[in-house]
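Visitor: Chains as they are written, first to last, in my numbering: chain G, 920 to 1262; chain Y, 920 to 1262; chain X, 920 to 1262.
Because the hints were derived from the structure by calculation, they are not lab data. Certain hints may be false.
[As the list claims (entries may be wrong)] Calculated lysine-lysine pairs in the DSS-like style (CA-CA distance at most 27 Å, straight line):
no. : chain 1 : residue 1 : chain 2 : residue 2
1   : Y       : Lys-1235  : X       : Lys-1212
2   : Y       : Lys-1013  : Y       : Lys-958
3   : G       : Lys-1212  : G       : Lys-923
4   : X       : Lys-1013  : X       : Lys-1049
5   : G       : Lys-943   : X       : Lys-1237
6   : G       : Lys-1235  : Y       : Lys-923
7   : G       : Lys-1237  : Y       : Lys-938
8   : Y       : Lys-1235  : X       : Lys-923
9   : X       : Lys-1237  : G       : Lys-938
10  : X       : Lys-1237  : Y       : Lys-1237
11  : X       : Lys-1212  : G       : Lys-938
For reference, the chains in residue letters:
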Amino acid sequence: MFLKNTWYVACQAEEITDKPLGRKVCNEAMVFFKNAKGKVSAVQDFCPHRGTPLSLGRVCNGQLVCGYHGLVMGCDGHTVSMPGHQVRGFEPVKHYPTLERYGFVWVWPGDPNLADPGKMPEFEWFENPKWAYGGGLYHIRCDYRLMIDNLMDLTHETYVHSTSIGQPEIDETPSRTVTEGDRVITSRFMEGIKAPPFWKMAMRANDLPDDATVDRWQICKFTPPSHVLIEVGVALAGKGGYAADPQHKAYSVVVDFITPETDSTIHYFWGMVRQFKPEDTALTAQIRDGQGKIFSEDLEMLERQQRNLDENPERKLKVLSIDAGGVMSRRVIDRLLAAENSM
Amino acid sequence: MFLKNTWYVACQAEEITDKPLGRKVCNEAMVFFKNAKGKVSAVQDFCPHRGTPLSLGRVCNGQLVCGYHGLVMGCDGHTVSMPGHQVRGFEPVKHYPTLERYGFVWVWPGDPNLADPGKMPEFEWFENPKWAYGGGLYHIRCDYRLMIDNLMDLTHETYVHSTSIGQPEIDETPSRTVTEGDRVITSRFMEGIKAPPFWKMAMRANDLPDDATVDRWQICKFTPPSHVLIEVGVALAGKGGYAADPQHKAYSVVVDFITPETDSTIHYFWGMVRQFKPEDTALTAQIRDGQGKIFSEDLEMLERQQRNLDENPERKLKVLSIDAGGVMSRRVIDRLLAAENSM
Amino acid sequence: MFLKNTWYVACQAEEITDKPLGRKVCNEAMVFFKNAKGKVSAVQDFCPHRGTPLSLGRVCNGQLVCGYHGLVMGCDGHTVSMPGHQVRGFEPVKHYPTLERYGFVWVWPGDPNLADPGKMPEFEWFENPKWAYGGGLYHIRCDYRLMIDNLMDLTHETYVHSTSIGQPEIDETPSRTVTEGDRVITSRFMEGIKAPPFWKMAMRANDLPDDATVDRWQICKFTPPSHVLIEVGVALAGKGGYAADPQHKAYSVVVDFITPETDSTIHYFWGMVRQFKPEDTALTAQIRDGQGKIFSEDLEMLERQQRNLDENPERKLKVLSIDAGGVMSRRVIDRLLAAENSM
């Protein structure tokens, strides 16, 4: 159950090379390739001739050529040509609107006629040289909503990520969740604490004393269909916390684009944008590696949770105050799903 | 189809460390851990908060703490506490009575109110320093009853274990099967034969000439739900066989605790207790390694047998006199199952 | 959906050693072994005693002995003997007529009473010392008919095998398909072209200049149930092409015996017979290795095609003129299947 008339991240821009890329999004097998103008196109990964995956083929002069018998597929799902054959009668395959933005290829898996670039989310920092981004991709066998739950309740950091970003004060400090239209925001502000190891590293990178007492914040923002952006940071205690002047703090935005592959698997695009030392590519790599290790700690938990839920379908889970972010996000999804299905 | 109101071996005692141990028994996902008093407890491997496996968590001060959001689970399946939340309304999970005995943790997967330590089987040698035990654990994809059949008809040794404990005389010597209440006993006595390689080794370890003519015995004892203990040994010919004085024989007891994991998979705890040189730990290790190799020879046979039976459900198998032990053991199980299901 | 009253290749003759060979053909689990006269026999891979695979047993004095409890199985599926037991009442298992010919063991998976050696296909070159054969076996997860389609439309060589036997002229030259009774023949004749790498190698092996202009031919011959023999070759241009004198050409026959394992998997026996330098075993090995690499290029395409078709059952494929060979072969199969099922 996922929204289809919306934009999902299909891949990182650098995944599109001179070869086609096959990827399933929302149960749709798609193939991505760069056309003659360098624009990424996406069509169903299915040759109308013999049913082979077009992603096993090649891209010649901006056209997708089937690797089995040379059928040439157009960006609109209509067969362009085939050696020795007329192709007017060929049944078209689906095509999927795409947009390349923020270093990602975005795809609209639903009705192409409804695709609206205006509905792309806006992210000010991706294209701003004052910010730097680093991230990666994980494949996880769980319902995409389990990952939203995970990200909207960061008390799990205390347990799953206890050696890096977790600390007891997350557990001990209540969060507040509000809904603004289709957005859900869960925030937590901790005051007068010591920074955990990951943030000590970030403080040093910001030329701050890593043993100083700090204020720490986590502001999780869900937007449909399944994006969670999290403003995170620490400031020297008493300098204003989240609102402190830049020289007193280390802060960044955790980026989570969750793309359903199937009903029970996801492509999880994770990353971080930061405003400190954006030109320091070694620091970008170091942060990405560190984040990659931390975020990999969630994988087994989520996959085993999914299996446990599958094996116990009758069992009702307990909803607590810390689950408010996930619960409200699911309500937004359900409301939009109902609207989409009634169209 | 297995008995649930009974004791099964869940694990070897040394498998319970300072971490929780997840293990499925009789289709029930369980987590085992040591409580504050050092006693092993078992509850359903399912956090009532979000459904994650509690076995991914940790044990703190004798309490099981969920690794996702810190829920503290009690030995009785009731939530003890959770940071920042009241837990009175939490739905409990199942708990399973356990006993630690004979170097194993035993679990009662059925109704906890019926759990009766008095129903634990008695094994005199496990806690007797005159005997030594060594053993291991195999996971096998077969119905637990196929393993009972295997162990109650040792003519298979002639074929499956032809280079170690098998010999043609097993095939050529009829066995006798009797039922005593819920116990089934199949015995075979061979006289005036040469010992096969494994028993030659045991004779040497008992300071007996390994080329001597011997009498050999095999006494397989099934007790519900799925334990098979086998008295095995050789004695110098004419010294009384099974009843010979200890100085004339080498003998031991093969221990087989078969625990259904699911309908078609088992945890197979195998081992051997012996009365000769019990203090010789190197000999214990040598025997365990030898037995481990021999018993691993059954795995492919049993797993492929299971697949063959699954693919040919209409095919009736042939029951022979050598199958009497397995057939009668299944009758005991069926009778007890009918009684259990009529409760 | 495959024909059963017909001969399939079960294995290469050298696969039958002194051990039994288990192999599934047309959804029937079979075990092959050499009887006392050195003749290969095949029976159901299922012991009538306990259901274990007989292929886990051994062959003793030309008899198949179950590896679990020593049951001796006869070539006709009747139990011969078992230590200590009367076997008259044992339910027989299926037996399958076999023939050893052309270096292969052939099996008739259907009604044994209908097995007719006269229905074996005739191949003049296998037993002719003027020809040499080399080949191998691949296991592929696809319906056997997808492999027939593949072999009856060689335009795929241009794309799948572009670096060895493919060239644009295959695509550009129309083929012609005819049906002769149960046989289907698709042929293509290219004139005045340059040889692709594999044929350059063959020209050198025939002492022909590999940069010469040539005529090239491909004559694909389907015979039921699923054999595809392909006459292939090149001749110096203007020397008569297919009909040219031997000294002007390099030619061979591609051998494809496709044996369904299950509805969606095959044993694919591929090879090549050639008339040039038949005594040169190093050349035989070189050609087999080269062909093995080339033919392995089809595997992923066919397996992914099968998955794509499974996931899109509603989607109708396009039938083109190049598909005539496969389409007509399927018609022959369908006609024979209807006849077989109406018996």
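Visitor: Hints first: check each against the structure and report whether it holds.
Guide: Structure-based check of all given hints:
1. Y:Lys-1235 / X:Lys-1212: violated (46 Å)
2. Y:Lys-1013 / Y:Lys-958: Answer holds: Y:Lys-1013 to Y:Lys-958 is near 18 Å, not above 27 Å.
3. G:Lys-1212 / G:Lys-923: Since the Cα atoms of G:Lys-1212 and G:Lys-923 sit roughly 31 Å apart, the hinted pair is violated (cutoff 27 Å).
4. X:Lys-1013 / X:Lys-1049: With a Cα-Cα distance of about 40 Å, the restraint between X:Lys-1013 and X:Lys-1049 is violated, given a limit of 27 Å.
5. G:Lys-943 / X:Lys-1237: Roughly 24 Å separates the two Cα atoms, so the pair holds.
6. G:Lys-1235 / Y:Lys-923: holds (25 Å)
7. G:Lys-1237 / Y:Lys-938: holds (25 Å)
8. Y:Lys-1235 / X:Lys-923: holds (25 Å)
9. X:Lys-1237 / G:Lys-938: holds (25 Å)
10. X:Lys-1237 / Y:Lys-1237: violated (53 Å)
11. X:Lys-1212 / G:Lys-938: holds (22 Å)
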